[in-house]
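Those protein sequences? They're chains A and B, same order as listed. Residue numbers for the first sequence follow UniProt numbering, beginning at 1 and rising by one. Residue numbers for the second sequence follow UniProt numbering, beginning at 1 and rising by one.
For the record, the hints were derived by calculation from the structure and aren't laboratory data. Warning: the hint list may mix true and false statements.
Identical copies go unnamed one by one, so any copy, or any two together, can satisfy a pair.
In the BS3-like style, the derived pairs of lysine-lysine whose C-alpha atoms are separated by at most 25 Å in a straight line are [to be verified]:
#, residue 1, residue 2
1, K56, K195
2, K56, K91
3, K138, K195
4, K91, K24
5, K56, K24
Protein chains: 2
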Amino acid sequence: MSDHQHIVSSFDRDLETIQAHIMKMGGMVERAISDAARSLETRDDELAEEVRGRDKAIDALEEQINQEAARVLALRAPTARDLRLILTVIKISASLERIGDYAKNMAKRTSVLTRMSPVNGSPAALRRMAREVEEMLKDVLDAYIQRDQDLAREVMQRDQDVDQMYNAIFREFLTFMMEDPRNITACMHLHFIAKNTERMGDLVTAIAEQVVYLVSGEMPDEPRPKGDQTSVDPSIAPDIRA
Amino acid sequence: MSDHQHIVSSFDRDLETIQAHIMKMGGMVERAISDAARSLETRDDELAEEVRGRDKAIDALEEQINQEAARVLALRAPTARDLRLILTVIKISASLERIGDYAKNMAKRTSVLTRMSPVNGSPAALRRMAREVEEMLKDVLDAYIQRDQDLAREVMQRDQDVDQMYNAIFREFLTFMMEDPRNITACMHLHFIAKNTERMGDLVTAIAEQVVYLVSGEMPDEPRPKGDQTSVDPSIAPDIRA
């Protein structure tokens with residue numbers, strides 16, 4: 001085997017290892033979202049505790065991926081598409097780590113919420129929203145591994161559904177709080193969970209953008225569709241004293 | 001001049017340019033925090049609108065820094081400390097971009113809040129919190145440019161003050177909402193602003209960690225101090241039906 005072949009193949013092996021770690025991290029984050037949402041719906045404090053405990057492993061994997069990426073950059077000095085691959089790996093693992101953090105936060109708030117009276121129906125709505133994000137994450141990881149920019153763009157579009165779900169939940173919680181002030185504390189926590197789930201959707205979209213960048217060499221042109229209207233639309237957030 | 005010297009000096013120029021862009025971006029983000037918090041306190045819709053408009057330039061600068069970093073990696077194949085510098089540049093600009101997003105979101109919510117009756121005292125408390133974050137950001141950028149890991153670690157410690165301010169504001173808003181349900185919508189927005197400001201503090205801390213990594217070659221050992229207790233402490237989030 002020539003030296004050149006030897007270098008190329010061990011470089012490929014490095015890239016494969018890093019990508020395997022990204023996929024492993026993605027799987028752990030999918031599971032964190034799923035379990036956190038289930039623990040919220042079934043008021044399962046033990047499962048919530050588990051999700052919180054497992055986040056450390058997700059963080060450690062991001063750290064490891066960063067170190068591997070730095071090592072490949074230093075030793076192999078990749079260019080063009082190989083360089084893009086390493087850069088996207090750094091960005092994608094950072095997004096995954098943040099999604100994992102939000103799942104952990106959902107589990108933390110679940111532990112608080114299980115000690116309060118339940119607010120009817122809302123955990124089921126939140127779980128539907130979380131499931132949509134989980135599906136998007138699954139698809140964007142497929143798009144990443146298959147270098148499928150069409151699928152990545154499709155995932156970006158679906159983020160609008162998550163935003164619409166969030167808008168509906170935002171309105172519902174406001175109503176619950178106004179109807180009965182005893183709901184306020186629980187609704188505040190549910191609200192943050194909803195907002196964090198909406199942000200998870202944004203982060204999956206950011207991963208999709210990285211897939212497009214990896215395949216095409218350019219960040220997607222179109223502005224990311226923005227569906228959370230609650231911070232700008234006065235009809236959703238009316239002056240209730242008016 | 002030898003070829004080697006020529007290469008070294010144009011490499012240094014590349015690094016200087018990128019760092020100058022980081023500092024410029026940092027200045028823009030500082031200003032966004034400051035103006036967003038001021039627009040909230042003085043109910044200045046025009047200033048809020050300005051902050052929202054200026055966020056595009058921050059995003060564009062991040063994109064430019066990413067491209068410059070990729071170019072340097074491809075052309076110069078830096079190693080050791082130079083490589084770390086490029087990697088931290090990518091991470092720091094991503095954190096700055098997110099802080100800018102939170103400032104924009106504060107400005108968006110300000111535009112909604114100016115149409116509602118004011119909630120006494122709270123914008124002043126939020127502005128104090130935002131000012132603390134702004135100071136931390138200023139110091140961490142100094143720490144970055146001076147390669148001062150002691151200052152960076154000091155900034156990390158100060159994030160606890162921001163978290164404590166957030167905890168106090170969280171309790172205060174819950175009380176406002178329970179006392180008068182007409183405050184609920186406004187308080188929800190103020191609440192998100194407080195939480196986002198607390199997250200800005202976390203992002204400044206993440207930048208401080210990158211400075212430590214840049215100078216020492218290792219991520220700081222000690223777990224980042226976590227002061228937001230509102231999602232875990234049942235005494236802060238009691239079951240008010242119990």
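Taking the hints in turn, this is what the structure says about them:
no. : hint          : verdict
1   : K56 <-> K195  : both (23 Å within a copy, 23 Å between copies)
2   : K56 <-> K91   : both (19 Å within a copy, 20 Å between copies)
3   : K138 <-> K195 : within (20 Å within a copy, 29 Å between copies)
4   : K91 <-> K24   : both (16 Å within a copy, 22 Å between copies)
5   : K56 <-> K24   : within (14 Å within a copy, 34 Å between copies)
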